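Listed below are the residues making up each chain.
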Amino acid sequence: MAVTEYALRTLPRPQVVAHEVTRERRGWTSWFTTTDHKKIGILYLYTTFVFFLLGGVEALLMRIQLGTPENTFLDPATYNQLFTLHGTTMIFLFVVPIFAGFANYLVPLMIGARDMAFPRLNALSYWLLLFGGIVFYASLFFNPPEAGWTTYTPLSSNAYLPNGGIDAWIFLIHLTGLSSILGAINFIATLFNMRAPGMGWSRIPLFCWAILTYAIMILTALPVIAGAVTLLLLDRHFGTGFFDPSAGGSPLLWQHLFWFFGHPEVYIMALPAFGIVSEVLPVFARKPIFGYKAIAASTVGIAFLSMLVWAHHMFATPTSTVVLAFFMLTSFLIAVPTGVKILNWLATLWRGTIHPKTALLFSAGLIGVFTIGGISGILLAIFPVDWQLTDTYFVVAHLHYVLFGASVFGIFSAIYYWFPKMSGRMLSEALGKLSFWLVLVGFNVTFLVQHSLGLSGMPRRVYEYPANPAWSTYNLISTIGSFILAAGVLVTAYNVVRSVKRGAIAGPDPWKGNTLEWFTTSPPPENNFDLIPRIRSVEPMKDIRRRVERATEGDYAGTPAAPERAPV
Amino acid sequence: MPPGPATRRALALALLAAVAGSLLLAAAAFADALTPESGGSPNAGDIDSLYKIALYIAAVVFVAVEGALVYALIKFRHRRGRVAAQIRGNTSLEIGWTVGAALILIVLTVFTFAKLNAIKDPARSSASGLRAGATLEASVDQPAPPGGQALKIAVNGQQYIWRYTYPNGAFAYDTMVVPVNTTVTLDIEAQDVIHSWWIPKLGGKFDAVPGYTNHTWFKIPKPGVYDGQCAELCGRNHANMVARVKAVPVADYQRWVAQQKKLIDAANQAAVAQRKTLNATPSGS
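Listed in order, the protein sequences are those of chains A and B. Under this note's numbering, the first residue of the first sequence is numbered 1, with each subsequent residue one higher. Under this note's numbering, the first residue of the second sequence is numbered 1, with each subsequent residue one higher.
Quick caveat, the hints were computed from the structure, so don't treat them as lab data. Computed from a predicted structure; not experimentally measured. Take the hints with a grain of salt, since some may be wrong.
[Stated by the list, open to error] Away from chain A, derived, C-beta distances all over 10 Å, residues of chain B: (1) Thr175; (2) Gly224; (3) Gly228; (4) Lys261; (5) Asn268; (6) Leu278.
[To be verified] Chain B side only, calculated, beta carbon under 8 Å to chain A, not exhaustive: (7) Ile47; (8) Phe76; (9) Val83; (10) Ala101; (11) Gly204.
Think of the CB as a built atom: it goes at the ideal place given N, C-alpha and C, for glycine as much as any other residue.
Model the full assembly from the supplied sequences, consistent with the hints where possible.
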């Protein structure tokens, strides 16, 4: 008797606890009040995709203007406003926040958590982003900014652009920056505290490594730009002269502050896409990721080095050669971990059995296209060569090979890979492949010739150019390509709209995924998981499937249903 | 009938051949499409050759990576009965390619520093170049050309025009007239917003930043005209802020700069005279 009582007191007992389950809120108002990381994630994804389409329309208007020499379709002011809106939109309202959207949706699911660490802060992040975008786009009805997304002073000072466009841009930076910083704190807290039992740092998915690094970089870089735009605001309206040489200030100070943020920002936009590739390739090659630790380490290495390369954007400024050489060498250095990633991805495909679904195609496309952006980056890092290439269409081509080639290809891969989880339905593979080929061909037709355009001397940010036969040909090719690219993007947009209602039912795990988000239903319930498994490797779903397979063959070892002795 | 593996491979090979062929043809047709502008000044030529070295290395990396990617996508496609190799990594291979990547960059660094001085430091003026009246100036970062003979021109960027001031006080806008075979050093400044000085065939860009003086140089061996334009966004008419350098024989340059000076002095004197007449007849009385 005593023994039994003792056992009752000390041995863990199975218990069933039934909480009252509140009904999930539905209807359109639930989207305003939600703190569910999945709903917030979807709000992010739709909002940022709308901004992506807006930015795309701005790009097409510019391409129409540049399609023929001495075109008068747009006046110079409108053209300058368009490239400012395009760059700012794509960076602050599309690429950075769409990764926050994916991370919001996926990080808790991937680490076996039931929500983010701070759900209400998470909602605040989204609404700050939306209102940042609205404040910025409201300037369309007054005077949109026209100093480019880099907003160099003195051009952006009150003396040269006194209207409110630059101020709208400053508020956008503050609001979206605060949104990103709060989001970053949330991701870090979630990743540090809410991982499933057994999920050590060497077992979290590589996408989560990318998001952790993304969040840390946001915390390091965004406060700097917030400070810089505050100084600009003070210069513009409150009589200070931080950037005004006649008041003892320096226009180069702005450039240093801006690029101290601006270069990490490039990797803030690229690393999550790299994380997506590292998730997609192993699933569709049916092979573990090659060199998990090397990829995770290279992510951290890139993040660290990205804080030390900023002045390679300033090679043509009056700066001493020692400084130029330092920034050339650090920029070379960052190519090493980036190259390591590409080679690890290739090795992941090598000797796999590749299922060429659309998600895999976009990830493979990323490797192919981003390689070109990486190589042109090395050419630009050689500062005497950069003296010829900087501020030309070569740079425009390079930055699109990085930001479209890495970020957007990664985003499209993510859409095709995770749409079934988010909606419960499959996207059409036929439309997906059509979209992929249109995007791949359109992208390269648009941007490959821009290298030659820059090499033959065409500067960027010009609203017109003289009728020079080479420039006219390259520009026309580029404009044609941009419409092919736009068609590819629209096919995917249509695919999403169509499949939300009419796609084939996906089931919980249509791709035989490796990570925990495939352990729950599609779409997942509000609490994500009823049961969180113990994590034993970086591919928990593979372990679970293996155990289920063994159990169906009658081997229950390692399952809760394991009997005393396996039946023969 | 669906294409068999052999047909598919043949198709892929044909596609690769077509792509490679068209790339080669394009390269031949636009030989200059792949390299920066050069031919006006030795520093532009040196940048061009440094770029080419980097481009050749880049081309090897490009072909290797893209080749491996396309090969893997075709060769390791899922087929019935094929099993993926469950490999999680290979430390020596990974260390190998990390070191390999670093080595490529060391090679690039060596080439860059080997070429750097020729690009950065002004060359010596030729014997046939301008001699008389030349000034000698050096900045911390840019040593004076050996022999000390150089023509120094102050370049000033303003919305949306370039102004050039010569050592004798003469100035000109838009077109800079310079003597051949003479090292010309530029002191580049801006008076309103940031501009960037760039004549592609004469070397790289140098930003004109208010409050700073930037420096570059060129030396043109033959008479000719070289066009460029402002390369840093400076406002609405940034696209129309053009610059032109016209290289003329030394004697022509001397005649031109003296004439320009004379015209400016005459215009100044006329303005002074006009002001005197205006002051002598008080208006409104």
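So which of the earlier hints does this model not fit? 3
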